[in-house]
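*Asks:* From first to last, the protein sequence lines stand for chains A and B.
Just so we're aligned: the first sequence equals residues 1 to 312 in this note's numbering.
Just so we're aligned: the second sequence equals residues 313 to 649 in this note's numbering.
In silico SDA-like pairs for lysine to any residue, Cα to Cα no more than 25 Å straight-line:
| # | chain 1 | residue 1 | chain 2 | residue 2 |
| --- | --- | --- | --- | --- |
| 1 | A | Lys-297 | B | Tyr-468 |
| 2 | B | Lys-399 | A | His-123 |
| 3 | A | Lys-126 | B | Thr-397 |
| 4 | B | Lys-515 | B | Leu-455 |
| 5 | A | Lys-3 | B | Tyr-468 |
| 6 | B | Lys-399 | A | Ile-119 |
| 7 | B | Lys-399 | A | Arg-216 |
| 8 | A | Lys-297 | B | Gln-463 |
| 9 | B | Lys-442 | A | Arg-216 |
Output of the computed footprint for chain A on chain B, the stretches with three or more beta carbons under 8 Å from beta carbons of chain A:
| # | stretch |
| --- | --- |
| 10 | 407-413 |
| 11 | 432-443 |
In short, the hints are calculated from the structure, not lab data.
Virtual Cβ for every residue (Gly too), placed ideally from N, Cα, C.
The primary structure of each chain is shown beneath.
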Amino acid sequence: MIKFIAKRFVQAAIILLIITCVTFLLMNLVPGGPFLSEKSPSPQVLAAMEAKYGLDKPLLVQMKNYIVDLVQGDLGVSFKMQKNRPVLKIIMEMFPVSAKIGVIALIWAILFGVPMGSIAAYHRGKWVDSVLRVVTTLGVSIPGFVVATVLLILFGTVWKVLPTVGLLSWKSYILPCFSLAFYPMCYIGRLSRASMLDVINQEYIRTARAKGVSPRSIIFKHALRNSFIPVLTYLGPLTAYILTGGFVVESVFNIPGLGRYFIQSILNRDYPIIMGTTIFLAALLIAMNLVVDILYKTVDPRIDLTKGGEGA
Amino acid sequence: MEINMHKKLLEIKNLHVSFFTPAGEVKAVGGIDYDLYSGEVMGIVGESGSGKSVEAYAIMGLLQSPGRVTGGSIKFEGRDVLAFTSKEQQSFRGNEVSMIFQNPMTCLNPVYTIGNQLIEAVCCHDVIPKNQAEARAIEMLTLVGINNPEQRMKQYPHELSGGMRQRVMIAMGLVCDPKILIADEPTTALDVTIQAQIIELMKEIQKLTGMAIIFITHNLGVVAEICDKVSVMYAGKIVEQGCVEDIFYKPKHPYTLGLLKSMPRVDEEQHERLIPIEGTPVDMLNPPPGCPFGPRCGFCMKICLRQEPPQIEVGDCHTAACWLLVDDAEKEAADAQ
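This is chain A alone, in the form it adopts within the complex (with noise of 0.2 Å):
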């Protein structure tokens, strides 16, 4: 196990060598620069510029650079959002926020979309498996701008019971929370219907009937924890995803959030800001990942990792 993890290391490691490297070509392959708009600086200005934030060397030197930074933990200052404060600084700011509406989102999702998708694969065929099925079918099929908007317009103010923007109490985390779950309660639904499907129609499910284990605990103890396996697999990165925010309910309800602000960097072309928050990203994915491969091995005790542990 813990050679599995030493070895997930070094290959997370590399992998976000390879990221930092891709992303930071790929940033600079863009023309325009963070300090080119409208209204652009005089040449000399420009210059001076580029020369503090050492955007004058050449390009595979300030790669050099900023990953030798990089490794000793420094993620440079922001050019431009927050001049000069340092992006590590930044990204831990708002890390939080989006993550506090990233879990009640992910246990929201993962709460109701199991059951629904046991419920709906245990009456097949019934009007409750009709009536899931087509809300989980809207739910993968609908954008979540207009998830977020429609909900917005109803409860914020239509029927004005809920908050509209901020994260000021308790209800305002509602609306931001079932806009940014309902995609993935809708998926993991299906998930979890179609893995049940599968499950129930198992010989062991026909010998725990034999054995006169009731529907119940045939259910919850035998088929759930064989059909969660694929859900497991979708968690991991769902997990990453979700809790650096939603770039849409972070816009549409006003949240300074991570996601939000991941995309405004890019579009200001603050390039440490952009470089901080996709290697965030992406570590945190990896590290999901890695958790996500150990408990699959407490799920499903066949699962051997340490053959051909890879993944990520």
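Keeping the supplied structure of chain A fixed, place chain B upon it in accordance with the hints.
*Replies:* What follows is chain B alone, placed relative to chain A:
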């Protein structure tokens, strides 16, 4: 044991089971009758699709949509099994009648330990402390010949071999001390040496506990080995029924005869050719009128293709459903109807 030797445990009368498929109704079991007494080992033989497993599932209430019992009755110690509420059915399954299946590789839940699954089987039926259930489980594992049972309790199914898993399945079937054990082709998925061990084990356990066994198989060798009574099934019907000697030495139905002739024998002086049964099994969606075996039968008469043969008593507890056993006058009378 001798005293309750002749207590009637199971009484099946005119049982019909159908599967309602999009293509039409498949009459998987079309009216079978038999009785099972305590301490008896009954073999049910027949080819794939003859309804032998379906009939067992009907007893256990394990039929799943689109299959259901469409007629007849199943009585266990006088109680109507088909009228059980789901609560009654739960306490019936595993406790009064338990069942083991064909493929031990897939019949144990892969994510729980052997111990967990055995203890669950005990605790479904008896409210007893966990350590007692555990002791019971270990006792059963020892009984089925698993060495180091304490250790095995902590293992997962994938850590055991096929033969071991089938032993665990048997232990699980026995853990609540059922009156009947239904074994649905318990040796088919195992290799031959392990098959012999499992049969031997089941014989020993049967002697020890005195429970009745319904042994479903397509292997006549296994039947000869373990059974007291045999029912031969074809196309959802019992075509011949009798004690094991009757079936092997005095078969009356052409199908039974065909089965016996197609079985290799090592005691034969000259190595005779095996004679297969010509033709293919019945299409259960459109069964032919008359005797289901008629179209494949070497002795087929006109009446066989028109009228279903009645069950004819040909000996003590030996019946067969064949027009060959009916005298001409009766045949004509039946045909005229």
